[in-house]
Amino acid sequence: MKIKNFLIIMYGLAGLFIALFTAIMTYIIIDVPIGMTMSSEIGVTIALTLPLIGLFSYFIGNYFSKKFDAINKRLDAISENHFLQESYTEKIVDINHIHGSITQLSSRLELSILELKNRNKNLNNLILSLSHDIKTPLTIIDGYLEEFEDKMISEEDMPRAIAILKKETAYLNELSSDVIGYIESQELIPVKEMLSLKTFIHADVCPLIRVKKAVEFKCLISDTQKIEFKPMALKKILVNLLHNATKYTKEGTITLMAKENLITIEDTGVGISPKFKERIFEPFVGLDESRNRKKGGFGLGLSISRNLAENNGYELFLDTTYNGGCRFVLKKM
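In our numbering, the protein residues as written are 6 to 338.
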C-alpha cells in the first residue's frame with residue numbers, strides 16, 4: 006500500500022471516530038437518552054460529515070505523501086550514484102531534519118566511494134608496478150643461477166656475481182617491504198599507546214639511522230615530551246623521513262624537533278623540485294624522481310607515512326616555505 010492511500014485511510018478512520026465520539030458525547034452532556042431517534046440523528050450527522058472527513062483526509066494524505074515522495078526521490082538518486090550536495094529546506098522540523106541527514110549521508114557516502122576508488126586504483130597500480138619491476142631482478146638472478154649450475158662462472162668472477170645477486174635480492178626485498186607497508190598503512194583503527202617521545206626515538210629510531218661524517222644530527226626533544234601513537238607506525242614514519250634526509254644531505258645538519266602535538270624533521274640537503282612539491286605524497290611518485298636521482302622502489306614511502314599519520318590522528322605535510330633543504334611536519338589534527 007502506498008503511503009498516500011495509507012494516510013487517507015488512517016485520517017478517514019480517525020475523523021470518523023472523532024465525529025462519532027463527538028456526537029455521542031454531545032447527547033450525553035445535554036442529558037438526552039440515547040434511543041432510536043437519537044441513533045438516527047447521530048447516523049445522519051456522521052453521514053453529513055463523511056464527505057468533509059474524506060476531503061480533509063485526502064488533502065492531508067496527499068500533502069504528506071508529497072513530502073515522503075521527495076524523500077524517496079532523493080534516496081533513489083543516491084542509489085543511482087547521483088550524490089546530493091544542495092541543501093533542502095522543509096517547514097516541518099522533523100522532515101527537514103530527515104532531509105538534512107540525507108544530505109550529510111550523501112556527502113559522506115560520496116567521499117567514501119571516492120576514497121575506495123582511489124585505493125583500488127592505487128592497489129591496481131601497485132600490482133602492475135610489482136609485476137613489471139620484479140621481472141628484471143628475477144631475470145638477472147635466474148641467469149646467474151643457471152651460470153652457477155653450469156659452472157660457467159670462474160673463481161675470479163665469483164665475488165662480482167655474488168655481489169650482483171645480493172644487490173638484486175635486496176631490491177626485491179625493498180619492493181616487498183613497500184607492498185607490505187602500503188597494505189598495512191590502510192589500517193583505520195590502530196592501537197595507540199602513550200609514548201615518551203625522546204626515549205622512544207633514542208631506543209627505536211636512532212639506531213636505524215646512519216648519517217654521513219659531514220652531517221650533524223640534532224635531536225631537540227625535551228624529556229617530558231609525550232605522544233599518543235601506534236609505536237610501529239611512528240617508527241616507520243620517523244625512520245622513513247630521517248632516511249630520506251640522510252640520503253639527500255651530503256653535508257650540513259639534520260634536525261629532529263618536537264613541541265606539543267608537533268614534530269618536525271628538517272635537513273640542509275638538495276631540497277625538492279618545485280614541480281614535485283605538491284605530488285610527493287601521491288603513491289608511485291618517488292623522492293628519487295623529485296630530487297633528480299635514480300629512481301628506486303615504488304615511491305610509496307611518503308604515501309605510507311601520510312596514511313599512518315592520518316590513521317593516528319595526525320597530518321604529515323611538507324613545509325613549502327622552508328628553503329634550506331626540506332622540512333616535513335607531523336602535526337596533530
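Since the hints were derived computationally from the structure, they do not count as laboratory data. Since we're looking at a predicted model, the values are computed, not measured. Even for Gly, the Cβ is constructed at its ideal location relative to N, Cα and C. It is possible that some hints are incorrect.
To be verified - Computed list of lysine-lysine pairs in DSS-like fashion (alpha-carbon distance at most 25 Å, straight line):
#1 K240 to K217
#2 K156 to K203
#3 K235 to K264
#4 K231 to K282
#5 K235 to K255
#6 K255 to K218
#7 K231 to K217
#8 K71 to K96
#9 K231 to K172
#10 K252 to K240
#11 K231 to K218
#12 K231 to K255
#13 K140 to K171
#14 K140 to K126
#15 K96 to K122
#16 K203 to K337
#17 K140 to K172
#18 K235 to K217
#19 K280 to K240
#20 K197 to K255
#21 K218 to K252
#22 K235 to K218
#23 K223 to K126
What the hints assert, rightly or not - Just the calculated beta-carbon pair ranges, DEER-fashion:
#24 R284 to V98: 39 to 49 Å
#25 K140 to N101: 14 to 24 Å
#26 N123 to A166: 36 to 46 Å
#27 G148 to K255: 51 to 61 Å
#28 N77 to S45: 14 to 24 Å
#29 S182 to D99: 48 to 58 Å
#30 T326 to D99: 45 to 55 Å
#31 L213 to S181: 41 to 51 Å
#32 G329 to K96: 53 to 63 Å
#33 R215 to K140: 30 to 40 Å
#34 G318 to L213: 56 to 66 Å
#35 Q109 to G318: 31 to 41 Å
#36 E198 to S106: 28 to 38 Å
Hint-by-hint comparison with the structure:
1. Our distance criterion of 25 Å between C-alpha atoms is met by K240 and K217, whose separation comes to about 21 Å.
2. With a CA separation close to 54 Å, the supplied pair K156 and K203 exceeds the 25 Å bound.
3. A hinted pair counts as satisfied when its Cα atoms are at most 25 Å apart, and K235 with K264 qualifies at roughly 18 Å.
4. A distance of roughly 30 Å separates the Cα atoms of K231 and K282; the hinted pair therefore is violated under the 25 Å criterion.
5. For the given pair, K235 sits about 32 Å from K255 by alpha-carbon distance, which is inconsistent with the 25 Å threshold.
6. For the suggested pair K255 and K218, the alpha carbons sit about 9 Å apart, so the restraint of at most 25 Å is met.
7. At roughly 29 Å between alpha-carbon atoms, K231 and K217 are farther apart than 25 Å, so this suggested pair is violated.
8. A hinted pair counts as satisfied when its Cα atoms are at most 25 Å apart, and K71 with K96 qualifies at roughly 13 Å.
9. Taking the CA atoms of K231 and K172, the gap is near 39 Å; set against the 25 Å cutoff, the hint is violated.
10. Of the pairs offered as hints, the one joining K252 and K240 holds, with about 18 Å between alpha carbons and a cut-off of 25 Å not exceeded.
11. Restraint check for K231 and K218: not satisfied, since their Cα atoms lie roughly 31 Å apart, outside the 25 Å limit.
12. For the proposed pair K231 and K255, the alpha carbon gap of about 31 Å is over 25 Å, so the pair is violated.
13. Distance hint between K140 and K171 is fulfilled; the C-alpha atoms sit about 16 Å from each other, no more than 25 Å.
14. This hinted pair checks out: K140 and K126 have alpha carbons roughly 22 Å apart, not beyond 25 Å.
15. Between K96 and K122 the alpha-carbon distance is near 37 Å, which puts this suggested pair outside the 25 Å criterion.
16. Note on K203 and K337: the hinted pairing holds, with a Cα-Cα distance of about 18 Å set against a maximum of 25 Å.
17. Of the pairs offered as hints, the one joining K140 and K172 holds, with about 15 Å between alpha carbons and a cut-off of 25 Å not exceeded.
18. As the CA atoms of K235 and K217 are separated by approximately 30 Å, the hinted pair breaks the 25 Å bound.
19. Taken as a hint, the K280 and K240 pair is broken in the structure, with Cα atoms around 29 Å apart against an allowance of 25 Å.
20. Our distance criterion of 25 Å between C-alpha atoms is broken by K197 and K255, whose separation comes to about 35 Å.
21. Using a Cα cut-off of 25 Å, the hinted pair K218 and K252 holds, with the two alpha carbons roughly 13 Å apart.
22. For the suggested pair K235 and K218, the alpha carbons sit about 32 Å apart, so the restraint of at most 25 Å is broken.
23. Of the supplied pair hints, the one linking K223 and K126 is violated, its CA atoms being roughly 39 Å apart against a limit of 25 Å.
24. Take R284 and V98: their Cβ atoms lie about 47 Å apart, and the range 39 to 49 Å holds.
25. A C-beta distance of roughly 60 Å is found between K140 and N101, which places it outside the suggested range of 14 to 24 Å.
26. Against the hinted window of 36 to 46 Å, the Cβ-Cβ separation of N123 and A166 comes to about 43 Å, which satisfies the hint.
27. A C-beta distance of roughly 35 Å is found between G148 and K255, which places it outside the suggested range of 51 to 61 Å.
28. As the Cβ distance of N77 to S45 is approximately 46 Å, the hint placing it in 14 to 24 Å is violated.
29. Between S182 and D99 the CB atoms are about 54 Å apart, so this pair conforms to the stated range of 48 to 58 Å.
30. Distance hint for T326 and D99: a CB-CB separation of about 50 Å, consistent with the stated range 45 to 55 Å.
31. Our hint of 41 to 51 Å for L213 and S181 is violated, since their Cβ atoms are close to 18 Å apart.
32. A hinted range of 53 to 63 Å for the beta carbons of G329 and K96 is consistent with their spacing of about 60 Å.
33. Range check, R215 to K140: about 31 Å between beta-carbon atoms, so the 30 to 40 Å window is met.
34. For the hinted restraint 56 to 66 Å between G318 and L213, the CB-CB distance of approximately 24 Å leaves it violated.
35. About 22 Å separates the C-beta atoms of Q109 and G318, a value inconsistent with the hinted range of 31 to 41 Å.
36. Checked against the hint of 28 to 38 Å, the pair E198 and S106 passes, with Cβ atoms roughly 36 Å apart.
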